[in-house]
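Take a look at the letters that make up each chain.
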Amino acid sequence: MLKKELIECFYMTVLLAIITVINYRFFSSLGMTGITMLYLLIVVAAAYFYTFFIAFSTAFASFFAINYFFVAPLYTFQVEHIESWASLISFLVVSLVITSLVKRLKSQTNQSIIASKRAEFARTLAENLALAKDIDTMLHDTCSLLKAEFNKPFFIAQSEANNTYTIPLLPENLKLPDQRALEWVANNGKPIGSYTNNWPESPYWLIPFNRLPSQHPILVVCDIDANDHMEMFTAIKSCIDQVSMAYQRLMNSERARLAELMAQEEAIQSALLASIAHDMRTPLTSILGAATTLQQKDVHLDTEQTAHLTALIASQAQYLASTTENILSLMRLESNTVKGIPMDMQSPEEIIGIVTALYKSRGDTVDLLATISEPDLLIKANANLLTQALVNLIDNAKQANLARSNQAQEPIQIDVTKTGDQINVSVKDRGIGFGEAFKASQIKKFSSGHAKGFGLGLSIVQAIAKAHDATLTISNRDGGGACVTLSFHVPDVDTRHV
Amino acid sequence: MSEKAQILMIEDDLQISQFLQSSLKASGYQTILARTLADGKSIFSEQKPALVILDLNLPDGDGRSFIEHVRISSDLPILVLSARQSEQEKVDCFTLGADDYLAKPFGVNELLARVKVSLKRSAMMSLRDDVFKLDDLEIDTANASVLLNKQPMHLTPIEFKLLFMLVKKPGKVFTHRQLLTEVWGPEYVDDTHYLRIHMGRLRARLEKNPAAPRYILTEAGIGYRLAAT
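Protein chains in written order, with the numbering used here: chain L, 1 to 498; chain U, 1 to 229.
Source of the hints: derived by calculation from the structure; they are not laboratory data.
Where a beta carbon is used, it is the ideal one built from N, C-alpha and C, also for glycine.
It cannot be assumed that every hint is accurate.
To be verified - Sample of chain L residues facing chain U (criterion: CB under 10 Å; computed from the structure): (1) Asn197; (2) Glu201; (3) Ala317; (4) Thr324.
Stated by the list, open to error - SDA-like cross-link-like pairs, simulated, lysine to any residue; straight-line CA separation at most 20 Å: (5) U:Lys104 - L:Ser112; (6) U:Lys41 - U:Ser27; (7) U:Lys172 - L:Leu358; (8) U:Lys168 - U:Gln30; (9) U:Lys116 - L:Arg362.
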């Protein structure tokens, strides 16, 4: 700062010297009035461009220069005639008055420029805040806008679960407020920094969003020094009032959204429970009925009847087991993030092998015809989930085929093909196919196409597809029947050592 | 010998242990029941059973510690039963040395088949037979030869290594990690795609229908095993 003032002093001294030389050279033609006017011009220039001190000094220097070079006796600071005194004093007074007026005018002009700039900024900020959809983006955009307007580093400190405040994207080389200061602001709802009564010597301003004690965010303005005026502080504070209102609005809408989501979730949960309770009763009734019949001592059953009842118990228990497995999978998928599901390379052929073995171990038969377009095809997936998706699709296909049992049974077809950057696994049956309105995007829990069952099957396949970033498409086959296709991305495989 | 084999069941659930006991007895096995881990350990050291059926969730601890305990001194077959389904838990059991794993609920036929396989393998191990025969497949580890329909098969060195590793204990599950470490080396433990591709090629050579394999069976998310019966 001092250096800047010294440079300005130097400029004025040079200007004063040039004017003095010109006046000296053209004294006879300019006359006393002309000389005085030229000196007055420099004083006005100093007052307009530089500080009050420089303008003042220029006025006094001009006064002494006139006296020394142009007032008799020349080259002394003495004054011979009383009228010369009058001229000199008048010059000094006029210079000082002009300096003061110019300074005031300049300051008023600056103030009005800043005021219009701030009004413009407030409008931009208000527009941004009105358009903001979520809190994080709103806070981030506000910081960027404030930074562009006030040319200072701005951050938002937000309170964590344990009531400590953190500043995201920690900046380097900046003196940041400590926890104690942030907590004080939160607990008192008052700002900290210069122009406040709290720690005015701090190198930052801490302005709370809420003027009452709260855990609301706090604005942190860094790099504050003596040149940062009160006007800036007041302007930032009024901006924060606007931001705080937008924050409240977004908080309220977020709360409302969460409440709505929870209500929806609860509705789904209770629908699921009702559905489970209803559908589990059917196989349980069969099991209980068959078992109690077998238990009755006075009822004599022949071998065939006994075999029929035991087979019924086994098949219904198997149905309950697979349904329970499906419900558990759905719950696991919904509570797990994609990252939480272990995945590695899977061979579709192997997965089909696992599915076949699974049916065999259940004592169930399934007529499958698998075609894999090229060897060594791999999918990045979780083996158990992929198996489950296929089992669900095959179960559906089986039921669909059985529903049209008057026709000759065709095997369920599983085709694995590669098209472009996709590996498609399709399960095809010869059932009645999907209704026109039924689309993959409309698969919802409990929307079963069959009388029996939870209708969870396709929902689970869809959830599994989602967990694998795969797509599920359904279509009807030429010649009748449904085709459900899971399309996976071709994985990035390093086959150097294969 | 397997028909008189003594089976130790470590299971705390009364219903399950009752139906297990009656099914096993009906199939000609002798059974001893332990309801806790501590009982199981003491019965194991006193009576030297031929096979252990182990529940993982026991009142006095995790069944996995029993597998560790047994493997210090014995190679007897351990069949794990568990209601928990996490892949990691299965992998842990196989890594610790379990021979087989059945998730609850299971059918009794499935259990009896697994018990039979484990006992047969155990008997084969004691005979130290170098030749494995199942249907049309014959693997002779001493002469390093593989015959299918009595015709010698030409396998690549990796395919040989994989098959010979599995034939060491037919019916026992080998985890991906174990196979990758043994065949490729410990630095390849995460490269499961090598395993998939080579197993696929091995199946293409040995199996009539690779999508419904007879010899090389896959345990989803865990590993592979050679069918024993």
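Right, here's what the structure says about each hint:
Annotation: interface hint on Asn197 of chain L violated; nearest CB of chain U at approximately 60 Å, more than 10 Å. This hint is violated: Glu201 of chain L has a C-beta 57 Å from the nearest C-beta of chain U, more than the 10 Å allowed. Against a cut-off of 10 Å between C-beta atoms, the interface hint on Ala317 of chain L holds, since the closest Cβ of chain U lies about 7 Å away. The interface hint given for Thr324 of chain L holds, since its Cβ lies 8 Å from the closest Cβ of chain U, which is under the 10 Å cut-off.
Distance restraint check for Lys104 of chain U and Ser112 of chain L: the Cα-Cα separation of roughly 80 Å exceeds the 20 Å cut-off, and the hinted pair is therefore not satisfied. A C-alpha spacing of about 25 Å is found between Lys41 of chain U and Ser27 of chain U, which places the hinted pair above 20 Å, so the restraint is violated. Annotation: proposed proximity of Lys172 of chain U to Leu358 of chain L holds, straight-line Cα distance about 18 Å (limit 20 Å). The straight-line distance between the Cα atoms of Lys168 of chain U and Gln30 of chain U is roughly 28 Å, outside the 20 Å bound, and the hint therefore fails.
For the given pair, Lys116 of chain U sits about 18 Å from Arg362 of chain L by alpha-carbon distance, which is consistent with the 20 Å threshold.
Checked against the numbered hints above, the structure violates hints 1, 2, 5, 6, 8; every other hint is satisfied.
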